[in-house]
Amino acid sequence: MKPALIISAGTCGLARGAEALIKAAKDYQRKRRLHREFEIKITGCHGLCEAEPNILVHFNGKFIFYQKLKPENVKDIIEKTILKGTIIKEFLWFDSETRKRYVDIDEIPFYQKQKRILLGHNVLIEPKYIKDYMKFGGYSAVGKVLKKYRPLDVINIIKKSGLRGRGGAGFPTGKKWELCQKAKSSEKYVVCNADEGDPGAYMDRSLLEGNSHSVIEGIIIGAYAIGAQEGIIYVRNEYPLAIRNLGIALKQAHNKGFLGKNILKSKFNFEITVVRGAGAFVCGEETALLTSIEGRVGRPKPRPPYPTESGLWGKPTNINNVETWANIPQIISKGAEWFSGIGTKRSKGTKIFSLVGKINNTGLVEVPMGITLREIIDEIGGGIPGGKEFKAVQTGGPSGGCIPKSLLDLPIDYESLTKAGSMMGSGGMIVMDEDTCMVDIARYFLDFSLHESCGKCPSCRLGTKQMVEILDRITEGEGKEGDIEFLENIGKNVKLASLCGLGQTAANPVLTTIKYFRDEYLAHIKEKRCPALVCKSLISYVIDSELCGGCTICAKNCPSDAITGEPKGIYTIDQKKCTKCGICFTICPSKFKAVKKVSPPIK
Amino acid sequence: MKRVENVLREHRYQRSHIIQILQDIQVEFNYLPKEALEYVSQRLKIPLSKIYSIATFYAGFSLNPRGKHLCTVCMGTACYVRGAAAILNEFERKLNIKPGATTKEMNYSLETVNCLGCCAIGPIVVYDGKYIGEFKLKDIGRILKGRA
Ligand SMILES: Cc1cc2nc3c(=O)[nH]c(=O)nc-3n(C[C@H](O)[C@H](O)[C@H](O)COP(=O)(O)O)c2cc1C
Ligand code: FES
Chain S
1 MKPALIISAG
11 TCGLARGAEA
21 LIKAAKDYQR
31 KRRLHREFEI
41 KITGCHGLCE
51 AEPNILVHFN
61 GKFIFYQKLK
71 PENVKDIIEK
81 TILKGTIIKE
91 FLWFDSETRK
101 RYVDIDEIPF
111 YQKQKRILLG
121 HNVLIEPKYI
131 KDYMKFGGYS
141 AVGKVLKKYR
151 PLDVINIIKK
161 SGLRGRGGAG
171 FPTGKKWELC
181 QKAKSSEKYV
191 VCNADEGDPG
201 AYMDRSLLEG
211 NSHSVIEGII
221 IGAYAIGAQE
231 GIIYVRNEYP
241 LAIRNLGIAL
251 KQAHNKGFLG
261 KNILKSKFNF
271 EITVVRGAGA
281 FVCGEETALL
291 TSIEGRVGRP
301 KPRPPYPTES
311 GLWGKPTNIN
321 NVETWANIPQ
331 IISKGAEWFS
341 GIGTKRSKGT
351 KIFSLVGKIN
361 NTGLVEVPMG
371 ITLREIIDEI
381 GGGIPGGKEF
391 KAVQTGGPSG
401 GCIPKSLLDL
411 PIDYESLTKA
421 GSMMGSGGMI
431 VMDEDTCMVD
441 IARYFLDFSL
451 HESCGKCPSC
461 RLGTKQMVEI
471 LDRITEGEGK
481 EGDIEFLENI
491 GKNVKLASLC
501 GLGQTAANPV
511 LTTIKYFRDE
521 YLAHIKEKRC
531 PALVCKSLIS
541 YVIDSELCGG
551 CTICAKNCPS
561 DAITGEPKGI
571 YTIDQKKCTK
581 CGICFTICPS
591 KFKAVKKVSP
601 PIK
Chain E
604 MKRVENVLRE
614 HRYQRSHIIQ
624 ILQDIQVEFN
634 YLPKEALEYV
644 SQRLKIPLSK
654 IYSIATFYAG
664 FSLNPRGKHL
674 CTVCMGTACY
684 VRGAAAILNE
694 FERKLNIKPG
704 ATTKEMNYSL
714 ETVNCLGCCA
724 IGPIVVYDGK
734 YIGEFKLKDI
744 GRILKGRA
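Sequence order for the protein chains is S and E.
Counting in my numbering, the first sequence runs from 1 upward without gaps.
Counting in my numbering, the second sequence runs from 604 upward without gaps.
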């Protein structure tokens, strides 16, 4: 293979300036007529978002990882690395834990503990070209299935693999397919849930942007096994690039005969269409999603009947998450035993997590089930930035919970996370440090669920509202004795009395933070103090007279004119005027660091 | 109304496409004009109340005209733990509007979103379609002065 510049251009890469790198590379290649010397590949996300914009240089079988680049660096990379084979040290990844630089992508600690079955192809495939995907065995699984297997054989393979749904609840995929296959109807549907509503999770976006063919291939195989003629991919509208790439991929799959009539000369006909969501979290829930596809307000329905019996337009419908679908071609190609050899007894295969928040190496990590949280956070994630103290990791989004330090050695699988009061969810993993207030975070999630509640169940609609009001009071310093118990009580009732997963799990963030961080609640209620110095009503900003350099920056930038003093003298904040916007705190030069937060507030 | 008719034609006048139709109308006009909704209601024979219930249920729709510039602050969890709330507060203060509103002279609209899937480089603000990662409080002034 000739040398290649592989430019990471998913949404986050583009947000960090990948476009300019692409332009620089193309311009230089054209100007110097270097088309024969190397190729430029514009791919999906490479996973280590922290390093964006990055370029992988494929040279002599190595994948050299250059990170945080500027457009003017591209010329250097072409001249030195591509043409001469020299490595440019200062562009290499520097690992904050090992304090070393790494050349090859596989040597970087972030990638070492991962098992990138699904994401690995993102760096090799240019999503615009179906032939890239086919070069790495893409669509051979469809061929294998249509030529060799009967629908029931496929279902048995998936059942044997132990694959469970990646969208949240972890229902065994093979079993779901079997239910839908057995349902009696001449019309059936398969649906791909790409609503990815969990804030902080973006693995589905990355898969669809970087390698939507793998998802499409999975859906085709599922449709064949179940006997569906029509497939729908429901994507959230907040993902324009994923929608675009998916559209291109579907067209190409059609042209190659993987979709349409008599697929690969078999008697199997199948079409896929894309439906865009419109910004309602609850539409990720399967029954709400289906009503949304039908063009109605997306409110969940009681189950049973399950969609496998009566789903879209009342017909049997099998719905799976993006990542679930992407696993299918791999299982068909490599076998059920291969897949079930990875992971724990009850959770098989890999799971993609988005490691975000207060962590050094933010990005998407794909790990075998059973790995511990500590391995992910310390070894892959490289720990917490700025020498701060780890406090908790939140999994499962608004339905999940906060897991404290004492449980970091928990091996990750569906059951263990549920036991800890959280859940697998879709794979968001938000790391929080000492500067995160757990009461504030609980309030944040509950407020989210309150706004996203569809309003059907009174327990969910009113229960979350009442809990938010109590949490508002606590964070504003108006907490009362008995509030904690009251929260626990309402929380348990909302859990019991709600119809869908949103209400059933909405209280989890509150219940887990009370369970693991009761001290913080008590500090807010009894001492009117926010230990993490977050809750506005419970803190004050002050200028440390010992540290103040009299540089005037804070006074000039204070929007409320609350800061006074003489240049080169010492500045002070008038607490009556201060609105606690925090600008002085962020703007005070790091050589002084004179602005401090204190709690309880100065009266 | 010709633009609305075009959208309807593209969707083959299918009632089940109503959400997609509204999305395309919003792309066309930047919001959902009342007249357009009435027109859709007549052409597709869907009660206007039903169209409004959809347009108000889904957070992606705006029933009011948006300003010349659109600032969207991500309030997803990852952005939130990295200080998105302070950024939103400051936008609210500087523009003197709440999220979902537009300034009087129709220059700026302020909105929030639950997550854009760029959580790794949060906090994120989208200004007129351009994603700005690792957004700092002091960037707000720069943006509003037209130097994004
Ligand atoms: C409130 C709520 C939101 C959900 N959001 C999503 C989502 O964004 N993506 C997803 O795949 N599943 C989501 N689910 C789970 C789906 O209802 C469903 O279980 C899943 O799509 C099934 O696919 P799987 O078996 O492959 O996991 C959500 C569930 C609830 C209750
Ligand atoms: S939380 Fe802001 S982009 Fe995901």
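Please note that the accuracy of each hint is not assured.
To be verified - In silico DSS-like cross-links for lysine-lysine, where the CA-CA straight-line distance does not exceed 27 Å:
id: 1; chain 1: S; residue 1: K577; chain 2: E; residue 2: K733
id: 2; chain 1: E; residue 1: K739; chain 2: S; residue 2: K68
id: 3; chain 1: S; residue 1: K23; chain 2: E; residue 2: K653
id: 4; chain 1: S; residue 1: K113; chain 2: S; residue 2: K345
Stated by the list, open to error - Just a sample of chain S residues kept apart from chain E, beta carbon distances all over 10 Å, derived:
id: 5; residue: L83
id: 6; residue: S96
id: 7; residue: G120
id: 8; residue: L264
id: 9; residue: R296
id: 10; residue: G314
id: 11; residue: A420
id: 12; residue: D483
id: 13; residue: S540
id: 14; residue: I583
These are calculated hints, taken from the structure and not from any lab test.
We put the beta carbon where it would ideally sit given N, CA and C, even for glycine.
Hint by hint, here is what the structure shows:
no.: 1; hint: K577/S - K733/E; in the structure: 35 Å, violated
no.: 2; hint: K739/E - K68/S; in the structure: 19 Å, holds
no.: 3; hint: K23/S - K653/E; in the structure: 47 Å, violated
no.: 4; hint: K113/S - K345/S; in the structure: 20 Å, holds
no.: 5; hint: L83; in the structure: 32 Å, holds
no.: 6; hint: S96; in the structure: 15 Å, holds
no.: 7; hint: G120; in the structure: 18 Å, holds
no.: 8; hint: L264; in the structure: 29 Å, holds
no.: 9; hint: R296; in the structure: 7 Å, violated
no.: 10; hint: G314; in the structure: 13 Å, holds
no.: 11; hint: A420; in the structure: 18 Å, holds
no.: 12; hint: D483; in the structure: 22 Å, holds
no.: 13; hint: S540; in the structure: 16 Å, holds
no.: 14; hint: I583; in the structure: 6 Å, violated
Hints 1, 3, 9, 14 from the list above are not met by this structure, while the remaining hints are.
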